[in-house]
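Keeping the supplied structure of chain A fixed, place chain B upon it in accordance with the hints.
Chains A and B, in that order, are what the protein sequence lines are. Heads up, the final residue of the first sequence is numbered 131 in the numbering used here, and it's a clean run with no missing numbers. Heads up, the final residue of the second sequence is numbered 274 in the numbering used here, and it's a clean run with no missing numbers.
Just so you know, these hints were derived from the structure itself, not from any lab. Note that beta-carbon positions come from the ideal geometry of N, C-alpha and C, so glycine has one too. Among the clues, some could well be false.
[To be verified] To list a few chain A residues with every Cβ distance to chain B over 12 Å, as calculated:
| id | residue |
| --- | --- |
| 1 | 64 |
| 2 | 72 |
| 3 | 126 |
[Said to hold, decoys possible] Once the Cα atoms are required to be at most 20 Å apart in a straight line, the calculated SDA-like pairs of lysine to any residue come out as:
| id | chain 1 | residue 1 | chain 2 | residue 2 |
| --- | --- | --- | --- | --- |
| 4 | B | 132 | A | 128 |
| 5 | B | 20 | B | 30 |
| 6 | A | 107 | B | 102 |
| 7 | B | 20 | A | 131 |
| 8 | A | 130 | B | 102 |
| 9 | B | 13 | A | 122 |
| 10 | A | 104 | B | 24 |
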Amino acid sequence: VRLSIDVDAQTPEEAEEKLFKALKQKRANQNHSEEFSDPVAEDAAKRLKSAYRRRMNLFFSELSELLSEEFKK
Amino acid sequence: MSFSKDTLRKVRELMQKHQSSLWADLGDAPDSPISLIYRHNLINEPGSLGSPASAREALRQQVEAATTLSSQAELLLETFKGLLEKQNSDVLASVEGLISQANQSKMANSDPTLADLFSEGILSSIKQKLKDLTGDVFQDWDRIVNTEVSNALGLGALERILRDIGDKPAFDTYVYRINPNDGRTCPECQKFYIDSDSSPKLYRLSTILAYGSNYGKPRKAWNPVAGATHPNCRDSALLELKPGWRLLPGGSVTYIGVPSWEAYVGEKLEA
Numbered sequence: 059v060r061l062s063i064d065v066d067a068q069t070p071e072e073a074e075e076k077l078f079k080a081l082k083q084k085r086a087n088q089n090h091s092e093e094f095s096d097p098v099a100e101d102a103a104k105r106l107k108s109a110y111r112r113r114m115n116l117f118f119s120e121l122s123e124l125l126s127e128e129f130k131k
Numbered sequence: 004m005s006f007s008k009d010t011l012r013k014v015r016e017l018m019q020k021h022q023s024s025l026w027a028d029l030g031d032a033p034d035s036p037i038s039l040i041y042r043h044n045l046i047n048e049p050g051s052l053g054s055p056a057s058a059r060e061a062l063r064q065q066v067e068a069a070t071t072l073s074s075q076a077e078l079l080l081e082t083f084k085g086l087l088e089k090q091n092s093d094v095l096a097s098v099e100g101l102i103s104q105a106n107q108s109k110m111a112n113s114d115p116t117l118a119d120l121f122s123e124g125i126l127s128s129i130k131q132k133l134k135d136l137t138g139d140v141f142q143d144w145d146r147i148v149n150t151e152v153s154n155a156l157g158l159g160a161l162e163r164i165l166r167d168i169g170d171k172p173a174f175d176t177y178v179y180r181i182n183p184n185d186g187r188t189c190p191e192c193q194k195f196y197i198d199s200d201s202s203p204k205l206y207r208l209s210t211i212l213a214y215g216s217n218y219g220k221p222r223k224a225w226n227p228v229a230g231a232t233h234p235n236c237r238d239s240a241l242l243e244l245k246p247g248w249r250l251l252p253g254g255s256v257t258y259i260g261v262p263s264w265e266a267y268v269g270e271k272l273e274a
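Isolated chain A, as found in the complex (with noise of 0.2 Å):
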């Protein structure tokens, strides 16, 4: 089996380092085939976690200024 892969490394080290970490990348996406995956549930949970992170830091952009606020009377 010939398996060409390119990493950007500044030392033999690091290429091994980063070589290895390429072919276990490699091999888990063989392993768990596209098919299987759950664009719809990915998609949700995307809406899930950006609407919480938008709403909370609303949130705590006016609970800053409201302690500032508060802190100085």
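Then chain B, alone, in the frame of chain A:
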């Protein structure tokens, strides 16, 4: 310069306002993403031809199919709502802790000439702690989402399999899950779902039903289940192995014919 009781009331009101918006965005049945995932797995077998490729397509399909929420899906939504409320009540408790710490620090400084400088320090420390808290809160939320999505897809698939098999006994129905089998796979999922030849482990559906859920159980009491095996679970939904098919490494299947299938299943269950 310190926080009063009125500050706590305002903080709680602020949280309440954002929590209501969050629930409207994320949890309201029947359009919650959690319901969408559950019903998608109730309608479609993962990886099947014609299965929707996005949440938008799945929603269109569900509107056309006019599916309603089952009691299991309603239970999932209730659990999700409870987790969202608990998450935000934990955030509130942390913020109240910060306020109390700030007041204690303020009281500890009795030198009036340094009051302004000291207050600036406290405010700057509060802002940094809020920033740190934000990171922790998002990490916790991602874990909750990953786990609940895993529950929704697993339990939706389970309901579909039970509906499909009709009167056939769960004892004679065989199921499996596909695991990414990469560097992040935990030892439990490896043990539960991957055989020594790297093909998925096979279970009788009755076994999976008997194990119920791992929710609230310590790690050593976990079992292979239809929902999330553990927090942050990445296993596939439950899949049925139809008569005549054999599992291959990585989770694909090949047809071996019904006559030799029973012997294969017998060996696989004992492995």
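Taking the hints in turn, this is what the structure says about them:
1. 64: 21 Å, holds
2. 72: Fine: 18 Å to the nearest Cβ keeps residue 72/A off the interface.
3. 126: 6 Å, violated
4. 132/B to 128/A: Answer holds: residue 132/B to residue 128/A is near 17 Å, not above 20 Å.
5. 20/B to 30/B: With Cα atoms ~15 Å apart, residue 20/B and residue 30/B stay inside 20 Å; holds.
6. 107/A to 102/B: Not satisfied, since the Cα-Cα distance of roughly 28 Å exceeds 20 Å.
7. 20/B to 131/A: Not OK: residue 20/B and residue 131/A at ~24 Å, beyond 20 Å, violated.
8. 130/A to 102/B: Holds, because 13 Å separates the two Cα atoms, which is no more than 20 Å.
9. 13/B to 122/A: The hint holds at about 12 Å.
10. 104/A to 24/B: Answer holds: residue 104/A to residue 24/B is near 18 Å, not above 20 Å.
Checked against the numbered hints listed earlier, the structure breaks hints 3, 6, 7; every other hint is satisfied.
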